[in-house]
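**Student:** Sequence:
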Amino acid sequence: MSKDALKHYTLDQCICREEQIALKAYKPAGSEPEHTHEFLEIVSILAGSGRHLINARPYPVSRGDLLFITTGQTHAFTSDGDMQIVNCLVDPGFIDRELLHADNALEILALSSFADFDIPADKIIPHVHFAGADLLDAERLIQDMLEEFTATPVNYRPALKGYLLVLLTKIFRAIASETGSVLPHLHRVAPEILQYIENNLNRRITLQELAQRCFYNPSYFSRVFRDVFGKNLTEYIAEKRIQEADRLLCETTLSIEEISSRVGYQDRKQFYEVYKRLLGVSPGARRTAAGL
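Just so we're aligned: the sequence shown equals residues 57 to 348 in the numbering used here.
Calculated from the structure, these hints are not laboratory results.
Since the structure is predicted, the reported quantities are computational estimates derived from the model, not experimental observations.
Errors might be hidden in some of the hints.
Claimed, not checked - In silico DSSO-like links for lysine-lysine, alpha-carbon gap of 30 angstroms or less:
1. 83 with 63
2. 332 with 287
3. 217 with 80
4. 80 with 63
5. 83 with 217
6. 332 with 296
7. 296 with 325
8. 296 with 80
9. 226 with 83
10. 287 with 325
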């Protein structure tokens, strides 16, 4: 089945906009067909057994297993009939705005870009297993989160934020322990982000929206981007806009004004200035040289 044909769960369908997080304990009956969603999902198996499918890869699960599925990944599961789980659904904005205040937290929370952990490709899995004291600690933490969310006592949201940070810390440590890796620096930008930029050159693209797509703090994302590409995000986007404008100038008969708008410039003067600064000629001279 193609991704376009899959059921897609939106934030508004599953999470209250004011809450930005939702928790639910239940016993799934049967199976859930393959789907995608626009939020982070953390699945904790409390009892029973079954099988989860993440990006077409199967994961047999039982008590102590914890899986996390990020935005855009495909997900399905089947229960053997006695599986008990707690689902934690998190709006990316909840993490970005409320939890990310330090670089060490960013390294813990950047779970959507596994390449950033420098973990070997054959060991990159959205799954960890807790046992012994770690299992009891994780289950107690998840139960505390569920009780806070269900009872909504005074100041329950700050408590949930703290619990979530601790849970994600445990997940990260388990990944690092299972793979034998050390905490790496986040020094690569997911290819999906670059494709997103290319697909949205016709409109304003903000640092905040790009950072949120991969659960990064905006200031940290900005530093990582500069480290990788040797230029800041604004410069990178400007170059991509002008590259596309140059292609349109040489391959189409669209007017310069239309091209300017198509690559995200509503101010003609600004478009001319950036084009000439980057390519050394004016758009008009470039079109003349192309014979159009």
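**Student:** For each hint, tell me whether it holds in the structure or not.
**Tutor:** Here is what the structure says about each hint:
Between the alpha carbons of residue 83 and residue 63 the distance comes to roughly 21 angstroms, so the proposed pair stays at or under 30 angstroms and holds. This hinted pair checks out: residue 332 and residue 287 have alpha carbons roughly 19 angstroms apart, not beyond 30 angstroms. Simply put, residue 217 and residue 80 have alpha-carbon atoms about 16 angstroms apart, close enough for the 30 angstroms limit, and the pair holds. Proposed proximity of residue 80 and residue 63 is supported: the alpha carbons are some 20 angstroms apart, at most 30 angstroms.
About 25 angstroms separates the Cα atoms of residue 83 and residue 217, which keeps this hinted pair within 30 angstroms; it holds. With a C-alpha separation of about 14 angstroms, the suggested pairing of residue 332 with residue 296 holds against the 30 angstroms cut-off. For the suggested pair residue 296 and residue 325, the alpha carbons sit about 18 angstroms apart, so the restraint of at most 30 angstroms is met. Restraint check for residue 296 and residue 80: not satisfied, since their Cα atoms lie roughly 43 angstroms apart, outside the 30 angstroms limit.
Pair hint residue 226 plus residue 83 holds up; C-alpha atoms about 24 angstroms apart against a cutoff of 30 angstroms. For the suggested pair residue 287 and residue 325, the alpha carbons sit about 23 angstroms apart, so the restraint of at most 30 angstroms is met.
In this structure, only the earlier hint numbered 8 is contradicted, and the remaining ones agree with it.
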